Amino acid sequence: MPAGRSSLASLQRSVLDNGLRVIVAPDRSSPLVGVAVIYDVGFRSEPEGRTGFAHLFEHLMFQGSANVSKIEHVQLVQSAGGQVNGHTMPDLTAYYEALPAGELELALWLEADRMGSLALTEENLRNQVAVVEEEIKVNVLNRPYGGFPWIPLPALAFTTYPNAHNGYGDFAHLEDATLEDAAEFRAQYYAPTNAVLVVCGDCDPDEVLAAADRHFGGIAGGPVPPHGPYPEPRPSAELRGAIEDRLAPQAAFAVGYRSPDPVNQLEEYAAYAALASVLSDGDASRLRRRLVYEDRSVTDVGCILGTFGMDTFYMRDPVLFQIVVFHPGVATTDELQDVIDNELERLAGDGPSPEELARVAAGLAASHWRSVDPVLERTLSLASVATIHGRAELVAELPDLLAAVEPAAIAAAAVDLLNQHRALLELVPGGET
Amino acid sequence: MSRPAPGRLRLPKAPAVLEEELAGGLRAIAVRRRAVPLVEVRLVFAMAAENITKAAGPTVLAESVLAGTDRRNRRELAEAVERLGGRLGASHGEDRFVLAASVLAGNLDKLLEILAEVLHGASYPRAEVSADRERLANETLIALSQPEVIADEALRRRLYPGHPYAAGIPRPSALRKVGAGNLRALHRGLLNPRAGRLVLVGDIDTRRAIGRASDILAPWLASAQRVDVRLPPPAGARPGPISLVARPGSVQSNIRLGRSAPSRSDPDWPAAALANLVFGGLFASRLVENLRERHGYTYSPGSAIRHGRAASSLVVEADVATLATAAALVETRYELGRMAVTGVSDGEFDSARRYAVGTFSFLTATQSGLADTLATLSLAGVGPGYLTSYPAAVARTTKAEVEAAARHYFAPATLLTVIVGDADDVAGPLSAIDGVTVSSS
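As you go down the protein sequences, you meet chains H and B in turn.
Using the numbering used here, read the first sequence as starting at 21 and increasing by one per residue.
Using the numbering used here, read the second sequence as starting at 198 and increasing by one per residue.
Only true hints are included.
Covered stretches of chain B (in silico footprint by chain H; criterion: 3 or more residues with CB under 8 angstroms from a CB of chain H, positions within the stretch not fixed):
| hint | region |
| --- | --- |
| 1 | 295–303 |
| 2 | 327–337 |
| 3 | 342–353 |
| 4 | 514–523 |
It should be emphasised that the hints constitute simulated quantities derived from the structure, not laboratory data.
Given the structure is predicted, the values throughout are model-derived calculations rather than measurements.
Beta carbons: idealized from backbone N, C-alpha and C, even for Gly.
Same shape as in the complex, but just chain B:
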């Protein structure tokens, strides 16, 4: 059998999105998807700068917001959600706070009632809060012992000097200072309808679902207050010497390179996204072919463009054998240099374009994937039209535009380098390549 010919590039169809602004300024977004008999619910909030800088409060709040209400304790709340075939959890990311739920479709109203009870009446019992923050302090110790977390924190400090994004994971000492009274005040500021988005995706009648949400959440919607969640843009990061974070006894080094990248609304974004795929965003990319398949230095090298509300960044990563650390950095910078000065092939360009358009459908093929995507886009100030405008923009992008983006964003002189590893073994070889400053983890 001969190799099947590639099919034509097919752009995704637009889902039918219903979007409405509810009382209190809460934006509600709903889509009907019937593949499985569930509804995914997301209630996401943009975090203000001070809550990102001092994330201990939001971190404990995420753990304690379900610790009890004026009507039920933690256990009763959990039982009520589970009876519905539901799940309800709270978490926060770099710059947003998320209440995520999922429920058997027929039980959506009852789940919204529980959500309303939590939003309007979370009680933060003192004993629960103190146990929660102690447990979080212990979990934080585990997180901070992961090499990839150490690398991410070091990279943030270099990418965002003086910016809230540099803060990283709150330390145990900060978590232990968060009290129940702090949380009640924080709850009103953080879980504020005016800074929020409600997303419903699943086996629902969208108009009815938004109507019911508006009625059921009314007492909480009425509590909306003015809020400023704008974030400052980060100051430019300087490449400078390699930051080597010493982690004695490491059998691998975690290499990270980073710089600023275009946001989703920047005209450079589609071309930069394609350049990233050619470089390291795909398995069949230059970085993976070199570091993994040619040299066997690493298992899963890659690169990605990450979008926050205040900034987007290009991050290149490889966890490599200790002895191969300097060699892997040389190859990584070589591949960056090749991107910046020698252009991309027709085959690479075509692959990247087809991958970007084809796999975009995966993001939105499941109820949970579509709910997460819509919530993320809305918080970023990008409407659901992006679900079709982005793939169309990718399909229109030319090879010359991708090469221009590669020259600009992949120039090795513009990326800063952070490495976590055994400094005794790697500092010497690295200093042959670049300046090195060593710190302890």
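Just chain H, with the same shape it has in the complex:
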């Protein structure tokens, strides 16, 4: 069996006395090792009046700790021939390194140092607020379609703060953030009790488990904080909204539907993932074929189950099933939505053909293998799924789970979308055409 496949199948695990869960996935297919520490907190858990704080805090985790100065974390990893970064999602915050196998100990030491202590100064906090604001300008304010639809669609589709607010944050909230906020957030969410450590790649599992205990064992356990799901009732009427984008040259719209609970109704949820693929993966998919190649009314169409696209299995309830359309305005939004409904009705009636479904299953399996080939992606998949689902094994099971989806389950998912009150957000272009 190829190394990558075996590494996902043979996981070793332990729980330290302070509650830190440790998972090791040995795989000697390349002389590299990935390390991920994921804390069970994302932007859905940040306090009201502090939008963007979970992401800001991720930046602060790179500002130094008891034995590591500002920038030094990154400097040490890069000097070891490694890569390092972090990211904040709705339900988790990830910190990770990928290094030559011989440098594993360094990454463990660095992650333990900032889990056990954080050295924050007012100056560094202000500096990172400024950096985050520039990040938001690059990715949202200064570009066409910036933040579309991941910021405005949840704001339309949901009513409760955790689900509806902007995870990048309002500038006013970011600027109001204090060192006390950071200390409180850290105390609540950044204890080993609320984290999982995954090591994947060229390593010896027994040595890794011993090293994890050596580096992290001395950190005091903490509370198990509240976390999602953040369920809220489905809308009782269609929700419509519009935003203006003065930089955009072309119209767009996004439709948000509710999906089943991704954790407690995993099999049903998998059918929605397969439906997304049937609708928009590849040139033979139903919506691409119809809207892009037959009607020629649309420039691009895509379906996302999740927030950003690659996070389908990294979220708790509620998750939006999104259809995102970019079009030159030859057809109206309502006309295009009618075509989408028509395609959903065809699926609701007949389901996909067995041949079509086999094709989609083969595509999903191949995509899965491609996505876990890089050691860092494999490490992050294991850690993300362990955080949300409590079972890292799920990463290895996903291809079979998706392949087992029956045509009837996809038809049922299409029926559910058609019967829902959707959220429909239009983007009105203001740029030159």
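Please build the complex by placing chain B on the supplied structure of chain H, with the hints as guidance.
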């Protein structure tokens, strides 16, 4: 716990690369990698100068080459690829055209059969082509509204005056003129075995895979024709005044500085690569430490040396707050000046060397990464031996050589400057630093 000591510098092992020249002059390269049950396939072609200058043809061709063959329409073609757990796409870069595919390992032969069908029998149906070029024209409008694209185009015009590389993204009007007949002719010239490389990386028997490729692609290989894909070297760029491209209402300015840099086969390359890491190629580098971590002007500043077939360039970039534009340029030029006149520290030198050697393994650790790297190297005329000779050369490079490269390539007087931003806000402050010429985007 005390800080773990760094491990010794370990050079990567050479992968077992099988390389053969097939009929028609197509060079085939294969490597066995078994981490996941897939094969990555790349068929890359060097583009001739006229196809780079007039890129509208190659751009539409990339969209329409999979629009149908003498045997199947677009949908049937897509379904056939998907049944194999496959993906097949076409694109072009600055100076090359790429057919990239990936497939479940057991289905490689069937994927090669589809590739052969496309290469030998792409039919460019008129209705498909006209829809494709219209859609591309719309997508181009979106691309041209991105500030980083505007900045890249402005930088190209300054770096490569009169050279094909100055051309940039084809405009909607040019795309709309490309017809099906043009594409059939272009297909024969562009997708020519003699200008191509076939790369196979994955869970395969390399000798068998190349043999099968040679058999399955035979009708297309037989169509090879003479071709001249040599590119002229660019004329030297002059630093001159700052080119300010006005983008009214911008909340940031996109600052780009650039100049020529050594190619992969230039003896200066390893030292210049290390100097770049010290300057801005790493997160823990002078530029990032200054602009981001000290001043908070920008989110992701950096520098890189980019290699094309005809030229390599050093590019420094920072997307900064509008009000900080002039200050950020002052700091950037200050850091360049410091590189050029004050040398690098032992710590910086050691970090850069270890990073360059250590992370080189990442480039080649995945099937797709290795396939892309081998294809790129081969088109650049660099053999797979580079996978071990480059890290070894980096490990041998001395601090004095890095400082010499820093003096030569990072001297601020030798870099030209392009900025995209709100001219009303930034032209005044910038004119205190340097001459400024303003144009509209």
